[in-house]
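Going by my numbering, the first residue of the sequence shown is number 103, and it counts up by one from there.
Any given hint might turn out to be false.
Stated by the list, open to error - Pairs of lysine-lysine, DSBU-like flavour, derived with a Cα cap of 30 angstroms:
no., residue 1, residue 2
1, Lys212, Lys249
2, Lys282, Lys304
3, Lys118, Lys536
4, Lys212, Lys118
5, Lys218, Lys249
6, Lys279, Lys304
7, Lys118, Lys304
What the hints assert, rightly or not - Cβ pair distances, simulated, as ranges:
no., residue 1, residue 2, range
8, Gln141, Val236, 36 to 44 angstroms
9, Ser334, Leu136, 53 to 61 angstroms
10, Ala184, Glu511, 37 to 45 angstroms
11, Val338, Glu475, 54 to 62 angstroms
12, Gln157, Met404, 53 to 61 angstroms
13, Ala306, Phe149, 35 to 43 angstroms
It is worth saying that the hints were derived from the structure and are not from the lab.
Just so it is clear, CB atoms sit at the ideal spot from N, CA and C, and this is done for glycine as well.
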Amino acid sequence: MAGKYFEDFEVGAVIKHNQGRTITEMDNVLFTSLTMNSQPLHLNEDFARHTQFGQRIVNGLFTLGVAVGLSVPDLTEGTLVANLGYENVQHPHPLFHGDTLYVETEIISKRESNSKPDQGIVRFRHTGRNQHGVMVIQVERTALVKKRIPGLSSVPVELPPRLRRSMLFMPGDSMRKINKGVQINVDSLILDLEDGVAFNRKEAARQTVVEALTTLDFGRRERLVRINPFSSPSPVALEGLPADDLLETIEARPDGYVVPKVETPEHIRITSDYLAQAEIEYGWPANSVRLLAMIETARGVMNVGQIAQASPRLEALVFGAEDLASSLGAQRTAAGWEVFYARSAVITAAAAFGLQAIDMVFVDLTDMAGLEEECRFARQLGFAGKTAIHPNQIEIINRVFAPSPQEIEQALRLAQAFEAHQAAGAGAFELDGKMVDLPVMRAAEGVLARARAAGLLE
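The whole structure should be built from the sequences, with the hints applied where relevant.
Given below as structure tokens:
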């Protein structure tokens, strides 16, 4: 998600950062060597074995850097001017190779900058814990951050939880393809255990997904796993293929799960209940494992409003046209009018309950012009992004679902005009022959937020 502005920080608030980072031997040795640190506790396994630790420990400065880095997407991405200092650094317990670091942040204090009226100073306390919940680092960071564009702080806007312009399905049983995926400029990777995997390859796919999640560096890409669908519209328990998928992959801690062919709220509630138990068992923050629901059957479309309210961990509704057309007995066409009602229903339900709406895949891998046209129409309808089945589709999807330079320029003009009219005590006003009021300003702030999240605007 985009970082927060000075006005957004509330003193005393505690923010739990969902993304963790597993520390490898290479991380420790490379960082220690590059920083000219000859401490044998980081480099010499034989030496470390005879110490009280019994093994090498991770360089404390590296731990500090990762702890701060894990906080950036939720706190200061795109809004940081400068880090002013680090104080009260504590390492109460060592971090070892193979440990996974998780971080939470408390907002300690904030004040206006004395010399920069458009900026403010915020003090954070970052606390890092390993996978067992044991604190391994605590540090206080002071940062200079931007304020909102003047006037816009009075415009309420609900920012999306994260950037999901492009979401690429990767077959879960192919480490080669997943390796390719982590090198692509895609917002989310969906490791598929459903349609992309033959029935006799399901177990192998689960093992490959776990290996990928625990060994590959996904960078800022969201790591999702698509499980297999429920066999009944009204299940009473988690069982069968979706149960196996969750049980065998949860310990690798993906960022979330995509539930296909969701037809009733029970599909989401039962999945969410299992994830809640896993979070308790592993000591993870509540609702830290996300859910995305695929709406791709007639029953799912009819129940989409109830589905959208099924769990607080549900972040997006993903529309699937191919299975829906089969469910309806409809013939797929390039224009897509046969699924237009269902697309609109998904967008409306997502908007009504504060979720993202993600559009269907474009199945013709040779028609790039058609892909771009469909992306533009989907964005006009209100979709936040689009699923994809081939890496070659990602560049077009990312470009279309990001604000254009013209949109950004217009949003900035609106913000400046809004500030001037607010200072003059005016409400709605006219710009370029068009009426501007709060809904228009909310849309402009949304454009600027997406631009910052996409790295198009500082």
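The hints, checked one at a time:
1. Lys212 with Lys249: Distance ~12 angstroms between Lys212 and Lys249 Cα, so the pair holds.
2. Lys282 with Lys304: Judged against 30 angstroms, a Cα distance of about 21 angstroms means the pair holds.
3. Lys118 with Lys536: 42 angstroms, violated
4. Lys212 with Lys118: 19 angstroms, holds
5. Lys218 with Lys249: Holds. Lys218 to Lys249 sits at ~10 angstroms (cutoff 30 angstroms).
6. Lys279 with Lys304: Answer holds: Lys279 to Lys304 is near 16 angstroms, not above 30 angstroms.
7. Lys118 with Lys304: 33 angstroms, violated
8. Gln141 with Val236: 36 to 44 angstroms: 22 angstroms, violated
9. Ser334 with Leu136: 53 to 61 angstroms: 55 angstroms, holds
10. Ala184 with Glu511: 37 to 45 angstroms: 27 angstroms, violated
11. Val338 with Glu475: 54 to 62 angstroms: The hint (54 to 62 angstroms, Cβ to Cβ) is violated, given that Val338 and Glu475 are roughly 44 angstroms apart.
12. Gln157 with Met404: 53 to 61 angstroms: 57 angstroms, holds
13. Ala306 with Phe149: 35 to 43 angstroms: This hint holds: roughly 40 angstroms between Cβ atoms.
Comparing the model with each earlier hint shows violations of hints 3, 7, 8, 10 and 11; every other hint is respected.
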